[in-house]
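With the hints as your guide, set chain B onto chain A.
Protein chains: 2
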Amino acid sequence: MGILSGMRVVEGSAFVAVPLAGMTLAQMGADVIRFDRLGGGLDAKRWPLAPSGQSLFWAGLNKGKRSIAVDMKSEEGRELITRIITAPGEDAGLFLTNLRVRGWMDYETLTQFRKDLIMVTLTGDRRGNPAVDYSVNPALGVPEITGAEGSTDPVAHAVPAWDLLAGNLCVSSLLAAERHRLRNGVGQDVELSLKDVAAAALGHLGMIGDAALNDAPRTKAGNALYGAYGQDFVCKDGERVMVIGLTDRQWRGLVKITDTGAQMDALAKRMKRDLMQEGARWELRHEITEILKPWFAARPVAAFAEAFKAAGLTWSQFRSLKAALAEDQDLSADNPMFTDLHQTGLGRFPVPSSPVSFSKHPREAARPAPQLGMHTEEILGDVVGMDDREISRLFDRGIVQSPNFAVVRPAA
Amino acid sequence: MGILSGMRVVEGSAFVAVPLAGMTLAQMGADVIRFDRLGGGLDAKRWPLAPSGQSLFWAGLNKGKRSIAVDMKSEEGRELITRIITAPGEDAGLFLTNLRVRGWMDYETLTQFRKDLIMVTLTGDRRGNPAVDYSVNPALGVPEITGAEGSTDPVAHAVPAWDLLAGNLCVSSLLAAERHRLRNGVGQDVELSLKDVAAAALGHLGMIGDAALNDAPRTKAGNALYGAYGQDFVCKDGERVMVIGLTDRQWRGLVKITDTGAQMDALAKRMKRDLMQEGARWELRHEITEILKPWFAARPVAAFAEAFKAAGLTWSQFRSLKAALAEDQDLSADNPMFTDLHQTGLGRFPVPSSPVSFSKHPREAARPAPQLGMHTEEILGDVVGMDDREISRLFDRGIVQSPNFAVVRPAA
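Chain order of the listed sequences is A and B.
With my numbering, letter number 126 in the first sequence gets 126, and the count goes up by one each step, no holes.
Position in the second sequence (from 1) plus 1000 gives the number in my numbering.
Okay, chain A solo, but in the shape it has when bound (with noise of 0.2 Å):
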């Protein structure tokens, strides 16, 4: 029994961040519903993809949920996921949506139907345009200061870093609107877009200010850590190692166990700079690269893995994700967060829950997605209130769809 164990979240979604924030409630214990068209949503066959072809994406971002299938071209569909979004209950009314279909499915039009529901609503831009991860960070400039030092080009990330965060805040939202809406009976309309997400985060983080104040703002530094110390080196056995002098007890650890102190005080000394200050070894950074190097480049890896981490250094060694899977205990049912997970059409391997440990809930095992529809029937009857006769006929009649009632239609 997970922590919001009783609470109903209804979801229409597709891509990465609404399906993160319907998942991340759904692991911590929330029954979640995603409802999709017929034949799946727009993400169903979404890369990466298992060896049978389908979509490891799509179970990667749906799991632990229900699924049903409706045909949300006809009246009687939307109909259906309009009773399915404002069924009652006092810890249901809550849905999730980044589909934005203006009329029968916005927040005026359902709050005829429950006065009291919660709806989060993701949209691209402020305005409503549609953005994506891919189109955010060149607006913002993320690809300029990605990648080599003095290098034109720019870099995009490979991780949809905008879009993960943005699942997350609707999360935060939700769970906060239902806060207020326990204490007060009021539900809320709640919207946010995934630009205005990544613009707040580069202004939180100082970069705005940066770029608005300094004439000389913040431009590509390779893998340099930003603003104090943080190096990758190539080590005597072809591996590179990341290691990093974020703080003084990380700068003083890397000194001491490198045996570079004095070629430090010489640099410093040199140069009339204090290296205790994070911004003298942003500045000195290629200076104190040159003095490290030959002692990783004289070095396999085995050589001072062990040491570095009885000093509590704080550094990492380069790796695919393949070999990370391999080598790395932490990717693996050792840890607590993954279980190892045979899928029907995709196979075994870890799969993650929740990374939260509650002390009073032990952690589920994760769970994996739900073939589309797969909840169909029971939905209609658990939350709809339908019977058996009412969901036969829906599924008859090609409303409803579920993997043991296909719906055979003639082609349009």
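Where hints are given, some of them may not hold.
[Unchecked claim] Restricting the straight-line Cα-Cα distance to at most 20 Å, the calculated cross-link-like pairs of lysine to any residue (SDA-like) are: (1) A:Lys322 - B:Ser1151; (2) B:Lys1220 - A:Gln317; (3) B:Lys1073 - B:Arg1083; (4) B:Lys1360 - A:Gly185; (5) B:Lys1256 - B:Ala1268; (6) B:Lys1220 - A:Asp153; (7) A:Lys220 - B:Ser1320.
[Claimed, not checked] If the Cβ cut is set under 7 Å, some of the chain A residues that face chain B in the computed set are: (8) Pro130; (9) Asp196; (10) Gly230; (11) Leu331; (12) Val356.
Rather than coming from a laboratory, the hints here were simulated on the basis of the structure.
These numbers come from a predicted model, not from an experiment.
Positions of the beta carbon are idealized from the N, C-alpha and C atoms, including for glycine.
Chain B alone, transformed into the frame defined by chain A:
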């Protein structure tokens, strides 16, 4: 009055994640008290800096909080912090930290003073080892899939994505635990680690399944949108744009407006693939790009920007953050999320409040970060319940600090 108005959260933190968590709650209306050691925490001077040398980073991540500065090395200081964390109040007893202080500040000790305390602790990895974004990324293979196709150099991304994500998950976890406490009366020891947050996210995105199951998992792909179509192009005026063909609608729009339908059809026929399948677009991305390249090379951005916008295409122009600030209204006070704020010691620039709007709560303007210890006196009064004489004694003895009562201590 924000949506979390009445809630009181105490934060003992440094750097990105937990300060962001506290600030997110503050920007939703919670009273958030950040305590720091005398002179400031580990992040007091973190880059970027304003021209004055003051930290834009610290100012950005601590907006709207109350600040108290306490001598954490003294017994009396520790007792004060304990009293602040465990102070009574139905909507208090909420503590966020990444300091991981063993002994007096751990959950077991603190719950002796408030049984229903909710404490959220963020660590580096699940074993408590230190980690930062810059070390987590190499360990999980992210730099291996970032940067130019064919390159073997790992590329770090510039945004601390995992920190931002972990901070938001601290918020959700705290709200989930508080919801549970309200109903069941029990507190909670909540733990998560930066590395687990990152590993879970990669798993949720299907990347762990990809690495486990496929012989040739994801590699570097430059600025291409992974798994469908999206690419950057240099235009006639030398400007660069990113265009997206992720969904069928986006793809059809892009082909139509660039009038490349016949060429795309010929490509599909020649390669025996259906470009309406996102995977085919991904696998034929280089050929597609060759078809589109001359179209962009022949036009300045101004020649197609309006038409792209009217057609609802998902695209954007590459620019530096400095240029974005000058050109983009979404990064100005025209956006209700931003307030043009003058902050002492920093200067005037657009400062973001929360990216979330709640319909029943007018969005609050961004508030500045406090000076270190700015609320020391009032917190000792209204939270700890001390009278003026007791408070004066603490200042006199250097146990606490505020901008008005600087601590003058002999050098150690």
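Can you give the numbers of the hints that this structure goes against, from lowest to highest? Per hint list: zero violations.
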